[in-house]
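Visitor: The primary structure of each chain is shown beneath.
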Amino acid sequence: MRETEVLVIGGGPAGLSAAVEAASHGCDVTLVDSDLALGGQLVKQTHKFFGSEAEYAGTRGIKIAKILFEELEAAKDRVTVLSNTTANGFYPDDGVVALVKDEEEYIRLRPKKTIVATGAMERLLPFPNNDAPGVYGAGAIQTLMNVYGVFPGERVLMIGAGNIGLIVSYQLMQAGVEIAGIVEFMPKVGGYWVHAAKVRRLGVPIYLRHTITDAIVEKGVVAGAHIQRVDEKGRPTEEIRKIDCDTICMAVGLIPTAEILWQAGCKMTYVPELCGHVPQRNAFMQTTNPNFWVAGDASGIEEASAAMVEGRISGISIARALGRIQGEAFQERYLELWQRLSNLRAGEVGAKIRSGLEKCSNCGCDWGEEA
Amino acid sequence: MNLIKEHPILEFHHARKVTFSFDGRSLEGYEGEPIASALHANKIRIYRETPKTKRPRGFFCAIGKCSSCFMTVDGVPNVRICVTPLKAGMVVQSQKGNGSVPWSEPEAQKEGDGLA
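For the protein sequence lines, the chains are P and U, in the order given.
Okay, so the first sequence: first residue is 1 according to this note's numbering, each after it adds one.
Okay, so the second sequence: first residue is 1001 according to this note's numbering, each after it adds one.
The set of hints was computed from the structure by calculation and includes no laboratory data.
Some hints here could point you the wrong way.
[Said to hold, decoys possible] No farther apart than 20 Å at their CA atoms in a straight line, the calculated lysine to aspartate or glutamate pairs in the EDC-like style are these:
no., chain 1, residue 1, chain 2, residue 2
1, P, K66, U, E1011
2, U, K1054, P, E178
3, P, K242, P, E154
4, U, K1043, U, E1028
5, U, K1017, U, E1031
6, U, K1065, P, D93
7, P, K63, P, E53
8, P, K66, P, D77
9, U, K1043, P, E178
10, P, K219, U, D1023
11, P, K101, U, E1033
[As the list claims (entries may be wrong)] For the chain U half of the interface with chain P, some residues (derived, Cβ under 7 Å), not all of them:
no., residue
12, E1033
13, G1058
14, C1061
The structure presented is a predicted model; accordingly, all values stated were derived computationally and were not measured.
Virtual Cβ for every residue (Gly too), placed ideally from N, Cα, C.
Bound conformation, chain P alone (with noise of 0.2 Å):
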């Protein structure tokens, strides 16, 4: 049986943040990630970041990946890493969550505080030969291409014109591969205009109010596919058209990875603006159970800059109820962060997380459960 202060479940940009944050106040953190390097999506994301200066707005993702590498370098003493290692399962009775390293080595932690920022995974639509080799998860192809440097295929069809979506096209293409087309249920672009623009100079087609109906198959993979316009009320109509492709792309939303916060007991919520069942958490991101934080995607889809700062936040509460740091000095760096997390959502943009967060949180102004 291992100990540890401070287990963070997860090393993309939620978790790392997370875990700097609580070393840099004196916590002994353990960080783990199923990957086999940390990162998360951020090592994938060669696009520059909106959002606000504070969180790197203008920088690409894998410069900021980059940067909390650094961090985390520098706090190497108080950080144990241990990647290709999976949280299976965490045990209430003892409170051990259970890890299992490289496939082969079974780790009992027994942390005293843990912070879930185990992101989201992919969704995928109904439709026949969804199973078929050649329909992959945006995720999946980002991870080829950027991190390994593979095609992903030669020509691809994008489902879901979402900013995943947009942004992943054009990275196909600053890659060399061909886009046959973006498809996108609604009657208009989901992601920003800046990306549906860059896309749509360089001459690729966005079929709105169109979905899949099938991938065709030769020789047990994707050789193609129908989509199909769908009227104002999303009813099939009788205009289908074929298109070429060898790989279909899903870029068609995420689901929070929360089977741990589900195990802990953590009290869930199905709020659909957040795309699924997430936690019920406070102002410090803290769930019901007291011994569990959350940050990021697992909290509910939003954007790797609110991980970031949710992160920090969860890092620093944990912090707090460990005895690392009060008063003043906390309040002033937990303010300081919690401007930085409004300021992302504000406006038009974060009008739709706003309204999930109000299904899920206890923010008002209490000061969480001092532990």
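With chain P held as given, fit chain U onto it using these hints.
Guide: Quick look at chain U alone, frame taken from chain P:
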């Protein structure tokens, strides 16, 4: 290998090139990178066949969650090749059905310990 050579933003730093076998063929890949990346770079997209409907499956999530890319690696079935690093000389096989672990008699029994 089918690799991105020129990119406006990224530079790719690969580790040592190693050989491994896929269904009896000898292929090249980079040590430490996921097996799925190496197979994909060799334009191999079918990784297994489902147990009941015998449908081909390949890569999908790349984060070890969706179970689509299970293969038999060095005799071990159901290996998530999207998150398993490639090593020199690995034996990678398409998986048919659920896969099975080769059973060998425990040593004590082979020597005849009197148990049935």
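Visitor: Does each hint fit the structure? Answer for all of them.
Guide: Hint by hint, here is what the structure shows:
no., hint, verdict
1, K66/P <-> E1011/U, "15 Å, holds"
2, K1054/U <-> E178/P, "31 Å, violated"
3, K242/P <-> E154/P, "17 Å, holds"
4, K1043/U <-> E1028/U, "12 Å, holds"
5, K1017/U <-> E1031/U, "6 Å, holds"
6, K1065/U <-> D93/P, "26 Å, violated"
7, K63/P <-> E53/P, "14 Å, holds"
8, K66/P <-> D77/P, "19 Å, holds"
9, K1043/U <-> E178/P, "17 Å, holds"
10, K219/P <-> D1023/U, "17 Å, holds"
11, K101/P <-> E1033/U, "17 Å, holds"
12, E1033, "5 Å, holds"
13, G1058, "3 Å, holds"
14, C1061, "5 Å, holds"
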